[in-house]
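Asks: For reference, the chains in residue letters:
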Amino acid sequence: MQIPEGEYRVGTDDDYYVRTNVWSAPGCHGAACGAILHVKDGKLVDIEGDESNPITNGRLCIKCLGIPEYQYHPDRILYPMKRDPKDRGKNTWERITWDEAYDLIEENYYKVREKSGTNNAVLTLGGTGREATMFYPVISFADFRSANVAAPISGDSCYGPRCMIASYMFGTGYPEVDSGMFFNKKYDDPRFERSEYMIIWGSNPLVSNPAGYFGHQIIDMMKMGTKIIVVDPQITWLGSRAEYVLQLRPGTDAALALGMLNVIINEDLYDHDFVEKWCYGFDELSERVSEYPVERVEEITQVPAELIRKAARAYATADGTGRNCSIFMGVAMEMQVDCVSDIQAVLSLIAICGNLDVPGGNVVGPRASFTGAWRYEQIKWVSEEDKKGRIGEEREPIERNALSNVQSDAILPELELPDDERTVRMIWFNSCNALVCMPAEPQRWIEACKKMDFNVVQDLFLTPTAMALCDLFLPVATFPEHDGIVQIHYGRHTPYLGAEVKALDYGETKSDLQVTFELGKRLNPEAWAQFETIEDFMDDQIAPTGLTFDELRHEGILSFDGWNYKKYETGEMRADGQVGFDTITGMVELYSMHFEQWCGEPLPKHEPSPFSEEANPEMAAKYPIILTTGGRKWTQFHSEWHQVESMRQIDPWPVLTINPETAAEYGLSEKDWAEVYNDTGKARLKVHVSTVIKPGMVHATHGWWFPEQDGEAPNYFGAFKSNINTLLPNDSIGRMYKGAPYKSNLCNIRRVRSLDED
Amino acid sequence: MSRNALLINYQYCSGCHSCEFACRNHLGLSKEQWGIKLTEVEPFEVEPGVWNWDYVPVPTKLCDQCLERVQAGEKPSCVKHCQSFCMEYGPVADMAARAEELGDKTALFIL
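Here the protein sequences come in this chain order: A and B.
Using my numbering, you'd call the opening residue of the first sequence number 1 and step up by one each time.
Using my numbering, you'd call the opening residue of the second sequence number 1001 and step up by one each time.
Each hint should be verified, as a subset may be incorrect.
Claimed, not checked - Derived pair list, reagent style DSBU-like, types lysine-lysine, alpha-carbon separation capped at 30 Å:
#1 A:380 x A:277
#2 A:451 x A:82
#3 A:90 x A:277
#4 B:1031 x A:43
#5 A:502 x B:1075
#6 A:380 x A:111
#7 A:43 x A:633
#8 A:451 x A:90
#9 B:1075 x A:277
#10 A:310 x B:1105
#11 A:186 x B:1105
#12 B:1075 x A:694
#13 B:1105 x A:43
#14 A:310 x A:115
#15 A:387 x A:310
#16 B:1075 x A:521
#17 B:1105 x A:502
#18 A:186 x A:227
#19 B:1037 x A:633
#20 A:227 x B:1105
#21 B:1037 x A:310
#22 A:227 x A:388
#23 A:633 x A:566
#24 A:186 x A:223
#25 A:682 x A:450
#26 A:43 x A:502
#27 A:671 x B:1075
#28 A:502 x A:115
#29 B:1031 x A:633
#30 B:1105 x A:82
#31 B:1105 x A:40
#32 B:1031 x A:694
#33 A:185 x B:1075
#34 B:1061 x A:186
#35 B:1105 x A:223
Hints were generated in silico from the structure; no laboratory data involved.
Everything numeric in this text was worked out from a predicted model, so none of it was measured.
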């Protein structure tokens, strides 16, 4: 099926096809995958790929192909519902209208605001990935006028830290692997060249499709000849197709990157011209990396020294082909205490090897940022006093944090304060299933959140978080149910702008934008005065393209062809149009004076996980197994999709991957149930014995709950049975309050009979 | 009448299951049935640093070669949605020639 160019809908009133570019819900990172939705008699009956989409060319993953089953799942919530706060944990929800829901929010907002004497009485928590990430800061800043907003992940360890670090080192958005995405003709543009080597570092991008980058583009480039180097504690499928696999010990990525820098600088393999013209602090970096000779790095990382040398030489020289190389980084980099250092070190590799903003390297987007920047600018609606009074203000002066969120680890202690000392009295969970996914120590979060006067959740299903904590449920529209704009990489680095096109109505669901807008019209009408409808708003947001939303809908997807490589030579990197980078020195800051001022450390360095043999031998004696978590599955997006039968057929249970040697030591066999535990928490998972993981460590999948189980208290759909985040203590974080050891914890294991029996 | 074949260049099959879901959507199958099913040779180390790990989707008796789609000039649903673009469909002779061109880790299923 093809939709003719310039149209977005064909067919009759009761049997038609709609072309869209997908973001969410359900959760996804917004790669603007092209889809054609078939609607018959008001029902979504089929979905197909759109071959005219320049990113996916007709391809779709199973989360798009499975959307009819998700959308029409009998457990889906289609109407607003309320519940008496006294009944939290009971299934006594009562259907109400949207007007009643907004009245209830308004009434409770004014009540908690009066009690606390500040707008900061409302805390907004956003989930990851979804379009909600564009709007939850706005709900907080523009609607409630509260400075208290966060994605509640320990150490803020999502895509934010890399954006912040890139912003200070390069003065740009985070530079992504070049896939020709800035050209209309993509790979066929004569300016594009493939990477000679692509390092896939701490990521399984085919599965996770992270951060707006369509993962299978990597396969396209492998077919063109790009060679792969994988840095991962586990062998991934891509690892089986790689030239080199650097199977490092979890939490040692910074040491490995520093070791590679050591090889590249000592063997004189770096790009002298780029370093001399455009880098600040090269001598200091060279001195620092001299502390990381490869033999020492081998000891830290367990990667053989010769392999480190080979990988470093390959990346720096591209085997003398004259091509460039790229690095694809996953959130494993953020999910360790070395977060700032490992990202700094990897960005330094990109810079000194001359692989920044060049064909086949890591490239930087145009300066346009659409809603990406607008959402954080909405902090203008928050009073100076409330900005100063936000949670964890002492940790995060606003100018340090590129995201304007509060530092996540400071939230829990605030929520745990007694009623008369606490500011926060109401939580808005925007697509955030916090009891199952994101925060460390969710067993403390549930008790703390129960203390609130009023909690609201926006979601698609009754999650454990909704069941245990919330008093109002607002149903979210799926992507076929609403209009929207897909801004790849959240606006700061946007190669494509796609129209998400509504195909049908279902129940009384609303998009994140619509709720943000309607709530704002009630609570802070001044902020929304210039817009009559959400379409007015979208027109305004995409005005720099010269198109209205309706025109974009007809166009489908836009790419930005006026884009150039090496923008530091053309003046396109800086706001003032001068050549160079948009940093204080105008150069790439290998040595960061900002970081020096904030934490006393201007350069990357390796620090062991607080939960490791080196840092905590006592704990390691009691809990001798390294625990790493969060590897992705095709069938899930974090805590979503567990109720969908087709997905559970592929991944029925949470999985613990363990090496045969370690499994034998603990008396475990394939498909046994095991309990993973330490002093902080425990979780039960099904054993998968495999040599893809080294002895002495295990990997546990995350985000598990069991929609088929009892949802009422105290079970909450089994939210705490397989909850791997219960093992991670809150606030065990890295320098500048960034990075938490989700990837490098310690545990012990024991065999159990089942999910419920010992 | 010449027969057709499904070619899988499984050097690039990442095991994403898109072919299975696309096929089920096309045939309207229940959860117990498959028109094409992914199989796996689980990972093992061949020699230090070299791993073998393969996925190959196998068409079943229920595969109808997406006749209606193909007659309308479209690709079979599994081929169209394959995220690695590692599946091709056509007359056996053409697919055999293509397999020879692609080389290692290519399989043909005669339909």
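Asks: Now look at each hint and say whether the structure bears it out.
Replies: Each hint, compared with the structure:
| no. | hint | result |
| --- | --- | --- |
| 1 | A:380 x A:277 | violated, 38 Å |
| 2 | A:451 x A:82 | holds, 18 Å |
| 3 | A:90 x A:277 | violated, 65 Å |
| 4 | B:1031 x A:43 | holds, 21 Å |
| 5 | A:502 x B:1075 | holds, 26 Å |
| 6 | A:380 x A:111 | holds, 23 Å |
| 7 | A:43 x A:633 | holds, 29 Å |
| 8 | A:451 x A:90 | holds, 16 Å |
| 9 | B:1075 x A:277 | violated, 51 Å |
| 10 | A:310 x B:1105 | holds, 27 Å |
| 11 | A:186 x B:1105 | holds, 28 Å |
| 12 | B:1075 x A:694 | violated, 42 Å |
| 13 | B:1105 x A:43 | violated, 41 Å |
| 14 | A:310 x A:115 | violated, 63 Å |
| 15 | A:387 x A:310 | violated, 50 Å |
| 16 | B:1075 x A:521 | violated, 48 Å |
| 17 | B:1105 x A:502 | violated, 42 Å |
| 18 | A:186 x A:227 | holds, 19 Å |
| 19 | B:1037 x A:633 | holds, 18 Å |
| 20 | A:227 x B:1105 | holds, 17 Å |
| 21 | B:1037 x A:310 | violated, 39 Å |
| 22 | A:227 x A:388 | violated, 50 Å |
| 23 | A:633 x A:566 | violated, 36 Å |
| 24 | A:186 x A:223 | holds, 15 Å |
| 25 | A:682 x A:450 | holds, 22 Å |
| 26 | A:43 x A:502 | holds, 13 Å |
| 27 | A:671 x B:1075 | violated, 39 Å |
| 28 | A:502 x A:115 | violated, 41 Å |
| 29 | B:1031 x A:633 | holds, 19 Å |
| 30 | B:1105 x A:82 | violated, 57 Å |
| 31 | B:1105 x A:40 | violated, 41 Å |
| 32 | B:1031 x A:694 | violated, 35 Å |
| 33 | A:185 x B:1075 | holds, 23 Å |
| 34 | B:1061 x A:186 | violated, 39 Å |
| 35 | B:1105 x A:223 | holds, 13 Å |
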